[in-house]
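There are 2 protein chains.
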Amino acid sequence: MPVTKTEQANIRRNRQYEKRLNSILKAASTVIARDGYEGASVRRVAAKAGVGLSGIYYYFTNKDELLYAIQKNTFTTLVELLKERLSQLKKPEEKLRAVIENHIEFFVNNINDLKVCVHEIESLSGAYYKEVLQIRREYFRLVKDVVSENLSKGQKLDPALVSLYLFGSLNWIYMWYNPQINSDVTVLTDNLMTIFTKGIKAT
Amino acid sequence: MPVTKTEQANIRRNRQYEKRLNSILKAASTVIARDGYEGASVRRVAAKAGVGLSGIYYYFTNKDELLYAIQKNTFTTLVELLKERLSQLKKPEEKLRAVIENHIEFFVNNINDLKVCVHEIESLSGAYYKEVLQIRREYFRLVKDVVSENLSKGQKLDPALVSLYLFGSLNWIYMWYNPQINSDVTVLTDNLMTIFTKGIKAT
DNA sequence: AAATAAATCGAACGTTCGTTCTAATATCGG
DNA sequence: CCGATATTAGAACGAACGTTCGATTTATTT
Chain A
19 MPVTKTEQAN IRRNRQYEKR LNSILKAAST VIARDGYEGA SVRRVAAKAG
69 VGLSGIYYYF TNKDELLYAI QKNTFTTLVE LLKERLSQLK KPEEKLRAVI
119 ENHIEFFVNN INDLKVCVHE IESLSGAYYK EVLQIRREYF RLVKDVVSEN
169 LSKGQKLDPA LVSLYLFGSL NWIYMWYNPQ INSDVTVLTD NLMTIFTKGI
219 KAT
Chain B
19 MPVTKTEQAN IRRNRQYEKR LNSILKAAST VIARDGYEGA SVRRVAAKAG
69 VGLSGIYYYF TNKDELLYAI QKNTFTTLVE LLKERLSQLK KPEEKLRAVI
119 ENHIEFFVNN INDLKVCVHE IESLSGAYYK EVLQIRREYF RLVKDVVSEN
169 LSKGQKLDPA LVSLYLFGSL NWIYMWYNPQ INSDVTVLTD NLMTIFTKGI
219 KAT
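Taken in order, these protein sequences are the chains called A and B.
Just add 18 to the spot in the first sequence (first one is 1) and you have the numbering used here.
Just add 18 to the spot in the second sequence (first one is 1) and you have the numbering used here.
Everything labelled a hint here was simulated from the structure, so no lab data went into it.
Remember, it's a predicted structure, so these values are computed and weren't measured experimentally.
Be aware that a few hints might be false.
Copies of the same chain are indistinguishable here, so a pair counts whether it falls within one copy or spans any two.
In silico DMTMM-like pairs for lysine to aspartate or glutamate, Cα to Cα no more than 20 angstroms straight-line [unchecked claim]: (1) Lys108 <-> Glu167; (2) Lys216 <-> Glu167; (3) Lys174 <-> Asp202; (4) Lys216 <-> Glu111; (5) Lys174 <-> Asp208; (6) Lys174 <-> Glu119.
Build the full structure now, drawing on both the sequences and the hints.
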């Protein structure tokens, strides 16, 4: 488990420090979402954040840690929000709707972050990659269990595979989603809810 | 419409020339699929192809043209194969199966190419991007029409959106597909066929 | 107000990148 | 076998990259 400057900051109590750190992370999300991780230069991130080049290295030890911080924060929040929702629900169908709605709503409010999480999933390596992988696995397990509850018994469908198909539909959204055209997010939720509930029921 | 060295080659009749060109393209697919387009260096592509660095520039004018050639070849073949399949089918359901089967089968046989097409869709720009976009649009239209035929009348679902959900499930496969585990491709086809046919039927 | 710590800046480092150019080699028709 | 053409090899270019470092400014504490 790598000790990052981000985590060291949790010890500190300085308010300004976290403000700047978050503004850098937001700038990094924007630039990486646009140029890709390899294509995004630390210089452009710094410019977008209104900081000097070396200013970045006061808050992060290297470029990888920038991506790591974005992915860890985003996935952690996504998981926490989903857990919160699921804890208040009983019916399998309501839970599935919560999964879909949570993912889509979070996506719309954090387009850049989620794009960076989906598109740059393999851009990290080593300890950084492993730690993000753990959170992703937790998220996947949550979704898979909900899918399992919705699968009719004696069904041939593998819940893990169905979950992957669902993730595909959800994670592909950033490729075509346009806030001005697809403004009504509930339509997307309803659509996927319809397709996957009816689609996985026994005939 | 950009005139590429690839296209000039079509005029030439030298057999060795095309052999080398294709071996470079294959090497490029492998490297770009592994490192991403920005992360892939022309030097590594050259090394993988067993050619000197400047050898690449004898066959391609620049790095972008490498990506362009891969995407154009791949999408064109994908579209041609689908057209061929669809022309022999009448029933909407059979056509939808052909769409799914064609995409998955082609994917399994050309993992690197398809990964480069899906993951590096936004890495091109200008004329190169536009021309690939045209073929992608053609592919999308083919799929959308088949989806439309399978949608019950008086259905609320937008065929374009349903097609995008399907593309999501299909294009996400490269993130988890393992030839040793998911060797039986027909399972994936059957799964998606089941989910999407039942999922979009009127209740 | 002085002393200490936190935060920012600007310049510089070595490396790698995409691309170019010239010289050398291989191929092939006459 | 020669001359022209097609192909390869190697060195070099400027630009951009990630990262470092010492000096400088700002903020906090005594």
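Hints, verified against the model:
With identical chains, the CA atoms of lysine 108 and glutamate 167 are at most 20 angstroms apart within one copy only, with a shortest distance of 11 angstroms there and 37 angstroms across copies. For the identical chains of this complex, lysine 216 and glutamate 167 are neighbours both inside a copy (14 angstroms) and across copies (19 angstroms), given an alpha-carbon limit of 20 angstroms. Taking the shortest Cα distances, lysine 174 and aspartate 202 sit within 20 angstroms of each other only across copies (15 angstroms), while inside one copy they are farther apart (34 angstroms). In this homomeric assembly, lysine 216 and glutamate 111 come within 20 angstroms of each other (Cα to Cα) both inside a single copy, at 11 angstroms, and across copies, at 17 angstroms.
Taking the shortest Cα distances, lysine 174 and aspartate 208 sit within 20 angstroms of each other only across copies (10 angstroms), while inside one copy they are farther apart (25 angstroms). For the identical chains of this complex, lysine 174 and glutamate 119 are inter-copy neighbours only, at 19 angstroms across copies versus 26 angstroms inside a copy, given an alpha-carbon limit of 20 angstroms.
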